[in-house]
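Model the full structure from these sequences, guided by the hints.
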Amino acid sequence: MALDGGLLVRHRVPFSNENSRFKRGFNRIRITPMAVFWTLITFILVIPILLFLSVAFSPRLMSQGHQWFTLASFKPVFSGAYGIALLHSLIIGIIAAVGAMIIALSMAWLVLRTNSPARIIWNTTIFALFLAPSYLIALGWQRLFEQRGVLEIMGLHVEPIRNLLYGPVGITMVLMVKGIPFAYLVIANAMRGLGEEFEQAVRVHGGNRFAAFKVMASLLMPSLFSAMAIVFAEAISDFGVASTLSSVGHFSVATYQLYQGINSIPVNFPVSAATSITLLSLVILAILAQNRALRGRSFRTLSGRTRPVTITKLSLLGKFSTSTYIVILLLITLGIPVFGAISASMLDGLGSLLSHYTINFSNYSRVLHSRFLRNPLIYSTEMSLITATLAVGLAAIASKVLTSARNSKAKRFVDFFLLAAVALPGIVFAIGYIFTYNLRFINDLGLHIYGTSFLLALAYTANALPSTSRSLVGNMGQIQESMMDAARVHGSGAARAWIDVTMPLIARPLLIAWLLTFSGTLLELPVSELLYPPGSPPVAVGIELSLAGFDYGGGTAIEVLSILWALVVVGIAFFLFNRFAPPGWKRLGNQR
Amino acid sequence: MRLNSFKKSVAVAASLVFAAVGLSAQAAHAAPITINLYEAIGYAPDEIKAFNASQSTYQVVDVGGSTGPLLAKVAAEGTNPAWGLFWADGDTWAASFDTNGNVAPLTFKPNYSSLGKRLAPKNNSFAITGSTVMVAALYNAAKMTTPPATLPAMLRTKYKGQIGMNDPNISGPTYPFIAGLMNQLGSEDAGKNYLVALKKNGLVVNDKNGPTIHALEIGQINMGLVQNTAALAEIIKFTAKPVAGFTPKILYPGRPTMMPSSLAIDSKRPAAEIAGAQAFVKFVLSPAGQSILASTDATVNSDVLCYPSIAGTTPNKYVPALPTAYQIINPYTWGPLQSEVDAWFTATIRTK
Amino acid sequence: MTDKKHVNAYRVEIRGAAKHYGTLKALNNFDLTIEPGTFTVLLGPSGSGKSTLIRSIAGIERLDFGSIHFGDREVASNGFHMAPEKRDLAMVFQDYALWPHMTAFENVEYAIKRRNLDTTEATRRVNEALERVGLSAKGPNYPFQLSGGEQQRVALARAIVGRPSLLLFDEPLSNLDADLRERLRVEIATLTREIGATACYITHDQSEAFALADQIGVLRSGELQQIATPEEIYRHPANRFVAAFTGISGSFLGTVTEAHGHKVEVALGKRRIECRTSADLKVGDSVEVLIRPSATSLSDHRSNSLPAIVLDVAYRGRGYEHVVECEFGVISSVFATESTARGSKVDIYIDPHNCLAFPSEKRVAVEAAIEEFAPSK
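Chains as they are written, first to last, in this note's numbering: chain A, 1 to 592; chain B, 593 to 944; chain C, 945 to 1321.
Some clues are possibly wrong.
[Stated by the list, open to error] Cut-off 30 Å, straight-line C-alpha distance, at most; resulting in silico cross-link-like pairs (DSS-like, lysine-lysine):
hint, chain 1, residue 1, chain 2, residue 2
1, C, K1057, A, K586
2, B, K909, A, K75
3, B, K909, B, K841
Hint data in this document are derived by calculation from the structure and do not stem from the laboratory.
So this is what it looks like as structure tokens:
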């Protein structure tokens, strides 16, 4: 199979002889990378989602009820209470998304366009931020602000903050904080591909620095919207943060209904599916908003003519204030989960920093030999390596579709299903997989992939695809198409051209996308829990099992060790890139 | 050279794909016969290891997880199940499996103790491997010198705001506690009224055992209504390393509900696997299998702190005497009410 | 020993090419032949389809209908599309399309890989190409370190280094400054002829087209209006559009008073002007008179002139260009070696040979409507 051009073109049938429609039609069938892409997307993303949603209408289809068609599952969904819950989810999603985007944009500008001294700290900790699981974030906040928690014992009157925290404000804030690292990586990627000439044009025509900033922000719109879309979808699919920091009576969110269906005995998938459909309607709103904002504009700014930017040199006051901003942000986004981790896994006694305590690592030394750590971590690492590679390959193609100029059906299709995969809680996604790949007739065909690592890898890939592709959208949208055209015209097939021309231009973003996927997969829980091959639990399941056995110290210690391991891999990857990548690859986007 | 590196990258990509496919070839197996055990029991892996070592015909494979997701997995597998055995706390789920015709009754009669006999299903449709108590009242003796020992006592204003419990929507074992309350108080409504009264007396609700115990530790509450194994684990921890101001102790208010752990066999698997599953259940309930309860270090595996269901089994050394007045609720009656009660709890109790 | 002339220059044949985007017809039943080794320029405004055509020749876009042949080789037809990299051509793009992560040397080197030469020979050729465009010292530089003109010259070097059989140019000079444009145009013209490749060049700039081309094809809305030598296009434009697009000083509406084959006399108000025409005109027809710049001069009361007032004078180095206003409208580009002050009254002599009369668009529209509803046999 020639990988060139991806065009497995049938050698042309002598057109004059056999004019039959069949032959002509057959000539049109082409096995291209795009065809492979669409096939994969259909099987790993579209079908599992659709099959799960179908039980809302047809429980019997997947042996989940007696009726072939019913709307009864929608009954709880059409209640006023649920409508309010859905509205809550929508509002939380929007605020978290917009807030995360604004903070991330400001951070990206500070880091990439100024000489603020604290930016170096941010750069080195960004992946740690990304890896901090929401469980640790919520835990950290709780430990700080709860009744008789650390701050209260210190004498601080935190009750008003606590009341805010244990409610919509707290939920939104935690979800916003959770979204900042991803939003930052996406926006920073795009900002690197933006030469300075646009801002200079504004300054030359009389605009001040802020006007120039606005122009830059508007040119970054695709990546801004990418970031917001993902943070939004993640926020509306959240359950853990909302349930920890609130309760339905207080402040309901749509996912409660969904989990109620899943947690009831017997399990009620139809209600969960009906709820999922309403969540997806929110996704459609998000996509519509995005398409309106980006309509008809070109963002293709990255080419040979892109010049490296000059850095804004800050005054002393500027340096001080920006550094303070960065440090405060770091304290909030990273310090708090770290505090939660320390409190839960490294402190003796009551886990309170202020009572009599000693820091010891007994939990850590104990779990080093735990069966919940070693083999699961190795297995998870292998799976994450495979997933990251697969996902980045698919994501590159997906991001290309997402950035194509015309608002084609294909683009809308990919956009919707990618976001749907994020908006649906992981457990729902995994159940869709079980529905799809445990079908009897598939087994009868001789395909036994349910319960294998292969299927798990596919599910991981599909799960990672949305954020990975959106992390690349900013950059893909910047590459001027003529550069690929030039490579094709001067003798390279499509695949070669892609490797020689496009890939180097987005080498760093690809690396970051790879690392994002690796980190995200290593500690992924819901899909892991439902689809792991018997006998080979991933590390997140191991952590869950420790915590379930009331070994909170040990469970958290395993979590921390896994995070550290992921950071080691990130560090190695960056080291290898900086050491071995050709200089031209590194020059782009690294004007620092 | 560019061509070479391109070929190399293709080779790497191809081998990654083949590796992934190769990993899936795990599905192929010869003898022994494998049986998947979906379990949420801490000491299950030890049982599996011991069973697999004791014979060579069958190989039980461990699929550990939390009860909720595992049940969802089973439900999703539907009519083409991959599970051969299911082992978790509670029996409402097992009763539900039985009602839907998905379990194969035991082919032997386990040598149950009197507790076991009372807990086991009449039709022997699944095994009872042990029992925990819902609830144990874990209290801080250093702060609560005269703890409430009965249900009415917990409503006294003296204890206002000092008592906490879990949320049945999130903590599986909490529903049996509530069902037990309703059972001993005579009716569903009586139970609900009691909880409302508790709430009026400042009841603090947290998600599950962990957060409730944490609240107890820092003094947010002075008594937490939790699963007895969680309570025992906490006591063990602080007996080993005492901390001033925190002395956890247990009492059992009212008539605590026994919550059995159930082990069920899937009836839809091939006969050979079912036979193997039966053998595994037999092993777990045999002296060899039961000895694991006593021999396991409870500080890292608190599920062994259950009350045994088999006659003659020595419980783990940390397990106290069985409460004298315990009750057993019928899962076939109370199981179906769970969703409604859970929803009521959310709407009425968990709100401010 | 290197062969300076490439003997395998393609003969490009396009038959019935059509492409639409939704309801928009970018190309419509387009036929074109480019003889080997010749320089063809496709001239037209934006939206005329020239970009689509050249991209289809390159293979980076697919035609919906029609065929393209390079010599005997079919490269595109219904159901068949040869990939760009197999067509053995080269292209210079409007935005240079240099790869930013490669140096100038590496950019040029990339295009010679397909020749599978050994490294020494390849390096020699690359250096030769760079030298040919005057950038031998700039090999190690990255594109962002080069000026616009230098970047385009690197792109040119990249295009010629592999001695392609067909060279395509997609408005390569549009983004350059005026003085650079002229210099680079000369380089393009000479380089292409040196190599002997067939060349197809698209532009909207009429003077560029005339300077470069062996033959010019004028496009409008996806259709070829006329294909001929520059002289022929200039002297005998096929229709009003071609005439208007290839340089006019002014246009006026009038009525035919006398018609003798190709010579007509047109009444502009009370004035009479003699013109040429290629249409079949009769007395009384409404016409539009298009005046070439070369037709105008400041007269000394010769016949065939119009009185006017000078509006503006611009110094052009070799003389002065005047913009004048007569009673029927404005005439620009009236050249004289001496300047005449603004506001002066002058007479503009119109050389009938370079003054073209076409049926007026209104009349054309009416005729088309008549033909549609009551077609003549």
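Comparing the hints with the structure gives:
Using a Cα cut-off of 30 Å, the hinted pair C:K1057 and A:K586 holds, with the two alpha carbons roughly 24 Å apart. For the given pair, B:K909 sits about 51 Å from A:K75 by alpha-carbon distance, which is inconsistent with the 30 Å threshold. For the hint linking B:K909 to B:K841, the alpha-carbon distance of about 16 Å falls within 30 Å, and the restraint holds.
Checked against the numbered hints above, the structure violates only hint 2.
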